[in-house]
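Undergrad: Chain by chain, the residues:
Number of protein chains: 2
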Amino acid sequence: MVPEEVIKELEAAVGAGNLSTDDAMLYVYGFDVSDVTGKPDIVVRPGTVEEVAGCVKVCAKHKLPVIPRGAGSGATGGAVAPTGGVVVDLTRMNKILELDLANLQVAVQPGVVIDQLNQALKPHKFCYPVIPGSDKMATMGGVIANDASGMRAFKYGTAKDYVLGATFVMPDGSVVPFGCKALKNVAGLDLLRLFAGSEGTLGIMAEFRVKVLPLPPSRGVLVAYFEDLETAGKAVINTYQAGIVPSAVEIMEKSALEVVNKYRPQAGVKVAEAMLLFELEGDLDFVESQARSIGYVLDALAVGDRQFSADPAEAERLWSARSAVGAATSVLEEGHNRVYEGEDICVPLTEIPRTLRKLRELRDKYRLGTVIFGHISIGSLHPAITIRKSDERDWKAMKELAAEIHAWALSVGGTVTGEHGIGVARKEYMAIMHPGAYEVMKRIKRALDPDNIMNPGKIF
Amino acid sequence: MVPEEVIKELEAAVGAGNLSTDDAMLYVYGFDVSDVTGKPDIVVRPGTVEEVAGCVKVCAKHKLPVIPRGAGSGATGGAVAPTGGVVVDLTRMNKILELDLANLQVAVQPGVVIDQLNQALKPHKFCYPVIPGSDKMATMGGVIANDASGMRAFKYGTAKDYVLGATFVMPDGSVVPFGCKALKNVAGLDLLRLFAGSEGTLGIMAEFRVKVLPLPPSRGVLVAYFEDLETAGKAVINTYQAGIVPSAVEIMEKSALEVVNKYRPQAGVKVAEAMLLFELEGDLDFVESQARSIGYVLDALAVGDRQFSADPAEAERLWSARSAVGAATSVLEEGHNRVYEGEDICVPLTEIPRTLRKLRELRDKYRLGTVIFGHISIGSLHPAITIRKSDERDWKAMKELAAEIHAWALSVGGTVTGEHGIGVARKEYMAIMHPGAYEVMKRIKRALDPDNIMNPGKIF
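Top to bottom, those sequences are chains D and Z.
1 is the number of the first residue of the first sequence in the numbering used here; add one for each residue after it.
1 is the number of the first residue of the second sequence in the numbering used here; add one for each residue after it.
By construction, these hints were calculated from the structure, which means they are not laboratory data.
Each hint should be verified, as a subset may be incorrect.
With a straight-line cut-off of 30 Å between C-alpha atoms, the simulated DSSO-like cross-links for lysine-lysine are [claimed, not checked]: (1) Z/Lys-211 to D/Lys-155; (2) D/Lys-234 to Z/Lys-155; (3) Z/Lys-365 to D/Lys-442; (4) Z/Lys-211 to D/Lys-234; (5) D/Lys-211 to Z/Lys-63; (6) D/Lys-442 to Z/Lys-122; (7) D/Lys-136 to D/Lys-442; (8) Z/Lys-63 to D/Lys-234; (9) Z/Lys-442 to D/Lys-61; (10) D/Lys-122 to Z/Lys-234; (11) Z/Lys-442 to D/Lys-211; (12) D/Lys-155 to Z/Lys-122; (13) Z/Lys-427 to D/Lys-442; (14) D/Lys-365 to D/Lys-427; (15) D/Lys-442 to Z/Lys-57; (16) Z/Lys-442 to D/Lys-122; (17) D/Lys-57 to Z/Lys-442; (18) Z/Lys-234 to D/Lys-155; (19) Z/Lys-61 to D/Lys-442; (20) D/Lys-396 to D/Lys-358; (21) Z/Lys-63 to D/Lys-442; (22) D/Lys-155 to Z/Lys-125.
Here are some, though not all, of the chain D residues that point toward chain Z, as calculated from beta-carbon distances under 10 Å [as the list claims (entries may be wrong)]: (23) Gly-179; (24) Asp-285; (25) Thr-415.
By construction, the Cβ of each residue, glycine as well, lies at the ideal position given by its N, Cα and C atoms.
Construct the complete structure from the given sequences, taking the supplied hints into account.
TA: And the structure:
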């Protein structure tokens, strides 16, 4: 139980209406997309940078855990409170503060949803190109704190590449501005990129200035099918070697094609060993010429008909097969639900075919529904495992399967997390992945947050 | 004087032939491109990661300054030894260790010169796209330690965006691997991007794995002239707003056109208030169509004839005007030499016209030769000041001019350094640019290098 004194001080910081200790409310804040849970003791909903700082100061004084939270769409337990404490819900801070498009930048509060920003940019023909699958839900604060990315990461990089400035609330509640309005700045250590991706363990970014880009005038989608996984992997490598950098290349393995076919027959996918979707951007001529060039690469590798369109509606239809995978997986089998474990590996490009084969072998070994898809352009694969959550044997098998998936990714020079992060869920891999370097990270954490109040139990 | 014992220990670490205390040799190591000087006590030239670590261990034991050094082409005193100590010259470690092109990456030692890497990649149709003006000289270690960039930074980002992994020698001499072979990895704090750009103040990166990209099949150059600075600035912003992202846009102000005309008449530049060079990349059709699109943008803004070519030799000739500026500035006036102060500001795009005008006013006020050019695509401007280095009045005027240039950049939301870094030369701006954040950087520095032996006096 949190002393009444603390509640009074927090109420003074955010206003009584923006603090809750209601049990039902706290219960809701105990979840994210993963199976990591943890009910906080208090939820506060600050509306300004000063209010965020005020809350953190109270927590620092009483050495209470501070858990920053956006939409709660993370997949690692990063926004839940396994050791209790104060969840700082930033979703009230959802204003786009400035569209400074001539300077290719916008200022936003952390609670702005990615798609909200992109909808505001669209009429001006600009975009924020970091689009994780959760862009209709996820907030800018969460996206940046987790260094999220998504299907266009090969071409556009990840969230941290777009942060030009931020107003940071440090673990002692002090407010520190980072960065400037110039698009390039090498004055000292890059705190922006250290704090972005730190999953709320170093403080709270309470305001951002992010780079935006011109919206490409056209987008086209090219779909091709493959008889085996090797040639699908090879098609990606050969595309790069032909000097072509698509804005996205997605893979759907047979399992993903099957579930989408069942769930959304109108997407019209065929079932093959693998399907690739290439997305191309630019002016229409360029999109078409790039599609032709990829066509030459595919002539030797793909099988059956290929589909291509740069017509917005038709391209959208082709793409709908890919966007349906998540939902299709969730309804794959009555009583089975998707779990977010072993779901976010990233491997070197040449290891993709072997990794896809390995994932199939493991699926057969553990007999758990595992739908395989991912951002093959950058080696990011998302095996989506489904289990009966009430069945202990399923849980046990799933844990073993996830461990084998992670071990495989590491054995081929990859990572256990390409985009979802560490949080609570993958913490055991920090020491394994970072011999020596994990200790360096801990020294930084201790130097900036000596009392370990910022999102304790995540990463560290 | 360094005790004989230390020299013996360092000799044991690198071999007697790779250590020097010869006065003439030490003198040479006391310089870089800037006017900051500082003679080291000892120079060591390790050939392996283990030898680097061995040297750092000896220095840590005796609390001696360690100054990592590549080609010495930096412009801030970052590689010289103002407080003496041991320069670790990494130029012997100049091997490309692995071309792993199917995985879009290479492994290199820190002494590899950028152009050496690009020459090795070219036959395979790949490139390392971080090309500062010094790419024929600068080493990969220096480029990454300073987070260098250059003319293609808007499209391709900066050096730190390409580091996938590194072998780091920490200030205590321990060897710590960072990163992995996957192209995307969000497992914990981003130490790679913290250490890249830290100018050797946190340790020595003794080996790298960096991302490479397909070489674009064609490049074209479009040259246009402007009657005033505002319209030149506007042309860049309008290009972005038309959805076009050139691989480079360079500006040469009247002063730069004049010196190049004098120095290299065969480049055939006309003298106008400003000239812009747009570089376009892709397949030939695309390069030509982009040039046409930029042409439409320019119709309302540029004056006189425009030149465009995608023929390699002719494009190279058009570009030669820009590449001659550095050399032309150095021979501008008998007895005058370029100084690297106030030379590296970066401002928000909308502030470029006002900044160019301000630079002209300041040139008139101080009556010092100041050639103005830069990477306008990203707001990076390089006013190149020349003085009689033996004249105290020139020095004094130059210092005041540089201070006014810096103050201006900060007043419009920019930075005192877009790409050259802080080193010794711009250290006084750290507290000004980073109120609060400089203290955060210092806490990180103290946590990782408590005895302050790593490149002391730089940044901190």
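Undergrad: Please list, smallest to largest, the hint numbers that this structure does not respect.
TA: 3, 5, 6, 7, 8 and 16
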